[in-house]
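Each chain, letter by letter, is given below.
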Amino acid sequence: MKNKFDPKKNYHETQKAIGYVPRKKAAQKDYDRIGFMSGLEVHQQLLTKEKLFCRCPAGVYNPSDIFDSELIRHMRPTLSELGEYDGTALMEFRTRKEIVYRIKNETACTYDVDDTPPFKIDREALEIAIEISLLSKLNIVGEVHITRKQYLDGSIPTGFQRTAIIGVEGEIPLKNKKVRLIQLSIEEDSCREISDVGHVRIYKTDRLGMPLIETVTYPDFANPDEVKEGADYIRFLNRSTGKVRTGIGSARADVNVSCRGGTRVEIKGVAHTRWMPELVHNECFRQWALLHIRELLNKKIKDARKWQISFTYLDYEDFEITYEPLKAARDKKYKFIAVNLPGFKGILSHFTQPGKMFADEICDRLKVIACLEKPNMLHTEQFDQIITDADMKVIAPVLKTGEKDSQIIIWGPEEDMKTALETIEERCRMAFEFVPNETRKSFENGTTIFERVLPGADRMYPDTDSKPIPLENEYIEKLSKNLPVEVSDRYHQLQKWEVPADTYTYILKKNLVPKIDAIVKDLKIDPKFTGTFFGHKVKFVEGHYAKATDFNFDKIYELFKYLKKEKMDLNIAKEMLPVVYEHPKMDFDSVLENMKFRKRTKEQIVAPIGFLKEKYKEIGKKKNPKCETDWVMGQLRKQAVGNISLHDLKSHIEKGKA
Amino acid sequence: MAEDFFQGYKGAALKALTKFNVRVWGQAEIETTRGGFKGTVLPRSENDDDQHIVLKIATGYNVGLDIKTIKTMKEVGYKKANYKIPEKEFPVTPGLPKVKLIGTGGTIASRLDYRTGAVIPAFTPGELYGAVPELADICNLTTEKLFAVFSENMGPEQYKKLAVAIGKEIENGIDGIIIGHGTDTLHYTAAALTFMIQDSPIPIVLVGSQRSSDRPSSDAALNLMHAAYTAGHSDIAEVMVCMFGPTSDEYGFLHRGSRVRKMHSSYRSTFRTIGDTPLATVSRKAGVIPIKQKYNHRRKDRKVKILPYFEEKVSMIYYYTNMQPDIIDSLVDNGYKGIIIIGTGLGHVNKPIYPAIERAVKKGVHIYMTVQTLWGYVHMFVYDTGRDLMAKGVIPAENMLPEAAYIKLGWALGQTDDPEEVRRLMLTPINDETTPREPYNGYLIYQGGVAEVEEFIRKFHK
Chain A
1 MKNKFDPKKN
11 YHETQKAIGY
21 VPRKKAAQKD
31 YDRIGFMSGL
41 EVHQQLLTKE
51 KLFCRCPAGV
61 YNPSDIFDSE
71 LIRHMRPTLS
81 ELGEYDGTAL
91 MEFRTRKEIV
101 YRIKNETACT
111 YDVDDTPPFK
121 IDREALEIAI
131 EISLLSKLNI
141 VGEVHITRKQ
151 YLDGSIPTGF
161 QRTAIIGVEG
171 EIPLKNKKVR
181 LIQLSIEEDS
191 CREISDVGHV
201 RIYKTDRLGM
211 PLIETVTYPD
221 FANPDEVKEG
231 ADYIRFLNRS
241 TGKVRTGIGS
251 ARADVNVSCR
261 GGTRVEIKGV
271 AHTRWMPELV
281 HNECFRQWAL
291 LHIRELLNKK
301 IKDARKWQIS
311 FTYLDYEDFE
321 ITYEPLKAAR
331 DKKYKFIAVN
341 LPGFKGILSH
351 FTQPGKMFAD
361 EICDRLKVIA
371 CLEKPNMLHT
381 EQFDQIITDA
391 DMKVIAPVLK
401 TGEKDSQIII
411 WGPEEDMKTA
421 LETIEERCRM
431 AFEFVPNETR
441 KSFENGTTIF
451 ERVLPGADRM
461 YPDTDSKPIP
471 LENEYIEKLS
481 KNLPVEVSDR
491 YHQLQKWEVP
501 ADTYTYILKK
511 NLVPKIDAIV
521 KDLKIDPKFT
531 GTFFGHKVKF
541 VEGHYAKATD
551 FNFDKIYELF
561 KYLKKEKMDL
571 NIAKEMLPVV
581 YEHPKMDFDS
591 VLENMKFRKR
601 TKEQIVAPIG
611 FLKEKYKEIG
621 KKKNPKCETD
631 WVMGQLRKQA
641 VGNISLHDLK
651 SHIEKGKA
Chain B
1 MAEDFFQGYK
11 GAALKALTKF
21 NVRVWGQAEI
31 ETTRGGFKGT
41 VLPRSENDDD
51 QHIVLKIATG
61 YNVGLDIKTI
71 KTMKEVGYKK
81 ANYKIPEKEF
91 PVTPGLPKVK
101 LIGTGGTIAS
111 RLDYRTGAVI
121 PAFTPGELYG
131 AVPELADICN
141 LTTEKLFAVF
151 SENMGPEQYK
161 KLAVAIGKEI
171 ENGIDGIIIG
181 HGTDTLHYTA
191 AALTFMIQDS
201 PIPIVLVGSQ
211 RSSDRPSSDA
221 ALNLMHAAYT
231 AGHSDIAEVM
241 VCMFGPTSDE
251 YGFLHRGSRV
261 RKMHSSYRST
271 FRTIGDTPLA
281 TVSRKAGVIP
291 IKQKYNHRRK
301 DRKVKILPYF
311 EEKVSMIYYY
321 TNMQPDIIDS
331 LVDNGYKGII
341 IIGTGLGHVN
351 KPIYPAIERA
361 VKKGVHIYMT
371 VQTLWGYVHM
381 FVYDTGRDLM
391 AKGVIPAENM
401 LPEAAYIKLG
411 WALGQTDDPE
421 EVRRLMLTPI
431 NDETTPREPY
441 NGYLIYQGGV
451 AEVEEFIRKF
461 HK
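Keeping their order, the protein sequence lines are chains A and B.
The first sequence runs 1 to 658 under our numbering.
The second sequence runs 1 to 462 under our numbering.
A portion of the hints provided could be inaccurate.
[Stated by the list, open to error] In silico negatives: residues of chain B with every beta carbon more than 12 Å from chain A: (1) Val76; (2) Arg211; (3) Ser218; (4) Val304; (5) Pro429.
[Stated by the list, open to error] Quick list of the computed label-pair ranges, beta carbon to beta carbon: (6) A:Gly198 <-> B:Asn172: 42 to 52 Å; (7) B:Tyr446 <-> A:His272: 38 to 48 Å; (8) B:Tyr446 <-> A:Tyr313: 47 to 57 Å.
Keep in mind that the hints were calculated from the coordinates and are not lab data.
Think of the CB as a built atom: it goes at the ideal place given N, C-alpha and C, for glycine as much as any other residue.
Whole structure, please, built from the sequences with the hints as guidance.
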């Protein structure tokens, strides 16, 4: 038997060839070697009553299947202000999607579906955006110009997002460096996608039009951890105003990544900053892998310009079909096509991301551009070889395949096949030249898939429906006087208080420094204790108990105020917190009663120590004094909490006579 | 003429630009009290203030800078944008119908106008083909720009010119006509052409768009495709308005030019046939499907009557509860020959203006009554008021729409002053501007909130 090509072996060899290291083992020198570069676009919903350009309520959401009506739009590419067509626009047009919008009367109006021109911009939103721009040290514009930014994916029924720049050229501090900001814009949020199958994409319109800001950084991040640090900082800064939305989907970031010689690729809508490091790490190496593929291809194939695919229609009858998706395709009378990729042996199974190979790049584009639902292709370098040698005996002679070629098989509706073949050829041709400009969708495991062609500046157009809004000096000065303390100052404050560092993220995320400060100053409670209480106890309770809707952090201030007034030991707050969290309307006396708390004097509590020690002598298995103390503590703990500190109790037990 | 280096800038802003020697389309670096800015200086809309300079920054956004904050400006480059809709030669396909698109200045294809900040139309077949290539699969299209006026500036002069031009095209053997038109007064023009072009052997289709074609979700392209299909292929040889049926991109309606009206200030599906059903639906998949059984069929002959007449001294008054007689007196004193009154209910006005009406009729002014309700007939026998008014010489115009009545009276008076002849012209329908009966499904305004209506809306696209 001749030496058979082993795709798995090839995958691992190519992974090694590009010098891939898992993130946990990666050091700065690895990122320097591949020229890691990354920047952020952080989106944050603003806490306003109404949407940005209409008077619909903001922040009211509907389930996907609850709606009053549906309508359909098709999007067409149009020229930008400077007379250019945008690449993404043309791609979206090629996919011929029918976009369906679901409307609930309470949350969307005729503006949302582009049947009414915009109303005046929401001043509340504009003001919050200016405040955050000032906090981000941006240069505030003199006049706000509403611009239309084209989106042909249908996520906005107009086909564009109304957006405007508030400030340019700012900066945020990281631990070891400053990161420059390009700009901050205010914009309307898009629809939420319900489904995208074949040629129909369905959206709901509840979130559409809600005010959002986008903070864009320069590509100043030098490694994945810095990316997360920057994203966290921007998020904390936004939250420090107390005027932004929190909760699922209220803050999303797009991360731009490239490697040396690569291209800016945008990973869209990353909901959690903790996912970022793995995503950017993998994306950078994916680009590094694509550059390696380019090198291999250009070595193998002399004249890339002449390279082209060949294909042939197949007859289901010629094969013994066991693969279920192909059986289904046969029943639907789909077209069935084999494609030859000359010189591509070893390329399809080339490593790109953990668990992904170059063939996936083609597969993802077939789904998005040609609307072929996955699984949408088979190829000759799959680990689980579905195309058999017997199959190839039928295909090879017709396709005139060569030793160095690899093959793809696709199936689908006849009208999509032209686009599908173009898509395969186009992606392969790109492999000879560059890393394609893309936006990519992220997954929790740190990998990404193709979403769209990355749009450029050519999709901007002035909004002819609205007038520019001047921002007077006096107004800007008034706003600068009422800004919250900077996030970096709050870091330092926490450090000075000696609050443990593992609490910072939680405290800053929830904007709790002002709350801690109030408790410390008004109630004269130790800052370290208060900070730790929030960062550990409150966080724990949040993760383990059901929050009542009317609970807020002011309740904790009241709790400490009560304990101070009652001259109780503050440690009982830890016991009371779960009850307060679940039943914030209950008064604190009742909370204590509920916990079966009794007021006792120190004398009452320490009185049984002698008796208990005697008892331990009878029943205790270990004779060392520490075990004895622990046991006695266990017996008295419940009575003691709230009355005397456990530290006090312990010393009484240790002092107490045997 | 010297090139305008400071398009749209005036007063203080113009002074600032000249002081620092920075032109429009110049790439500028600007230091302000609010920090530095970099970008291309853009023209400014004439109606905006003189306190700001507009800059396009590298990310494609536009920002305005307050000239009071500007410390220095420096032009470091110059790059003028060349805004052009890509032009491709419109291909001729043997066997496809010949369709002529006549432009009047609507928003079918348009581009940005910096002077006003609004959009201006672009038009050649090449530009249209570049923007809507699907047209080439429907017909062989030629275009002619008769005039470029906004919809609100269309008037008698334009109606007459259009009618004559269309007559010529019909003579020359065209298979269908499309008229691109702004939507605001589209129904006035549609009515005018209905009366001025009679017995057309081919379809004459008026079309516009409610969202300018510089928007991705514009209705312009689909409306144009529907209109081209109707003009080239349909059997209905009438003056029609072709616009969206529902607000969804699904199908268009063909409305009779005499019974159609714009009913929403911004909706795509704004045009509705009033008091009857539309003539037909049109879609790319199913073509033209007639709703009305009776219509004028396409013919091979070229016999058409062109009647380009219009008396400009005709007015239309919308009656309101405290209307004073001097409103009518002033029309009469200013030499108006015809008045359409849009009355309340079945066609009423209040008593205080009776003397003014009498005086007008005596002076030979032709007065016709229509209704504010839009739907329904003028019925002046039901109440005394109506009978009084008729006795004073006001003539009920049946269920003619006010705008159609205004156009028709202007057209009739353009031909004769004889009251009987005018009356005959007014009350003899040319193409359903008055109908002998109102079908039960001619008036359908359903109200939201009602369970069965909500169910309907949920199921079908409005």
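A quick look at each hint next to the structure:
Listed as outside the interface, valine 76 (chain B) is consistent with that label: its C-beta sits roughly 17 Å from the nearest C-beta of chain A, beyond the 12 Å cut-off. The Cβ of arginine 211 (chain B) sits about 7 Å from the closest Cβ of chain A, inside the 12 Å cut-off, so the non-interface label is violated. In this structure serine 218 (chain B) is not separated from chain A by more than 12 Å, as the shortest Cβ-Cβ distance comes to only about 7 Å. For valine 304 (chain B), the condition that its CB be more than 12 Å from all CB atoms of chain A holds, with the nearest at approximately 36 Å.
In this structure proline 429 (chain B) is separated from chain A by more than 12 Å, as the shortest Cβ-Cβ distance comes to about 33 Å. Range check, glycine 198 (chain A) to asparagine 172 (chain B): Cβ separation about 46 Å, and the 42 to 52 Å hint holds. Distance hint check: the CB atoms of tyrosine 446 (chain B) and histidine 272 (chain A) are about 47 Å apart, consistent with the given range 38 to 48 Å. Taking 47 to 57 Å as the suggested C-beta distance range, the pair tyrosine 446 (chain B) and tyrosine 313 (chain A) conforms, at roughly 51 Å.
Hints 2 and 3 from the earlier list are contradicted by this structure; the remaining hints agree with it.
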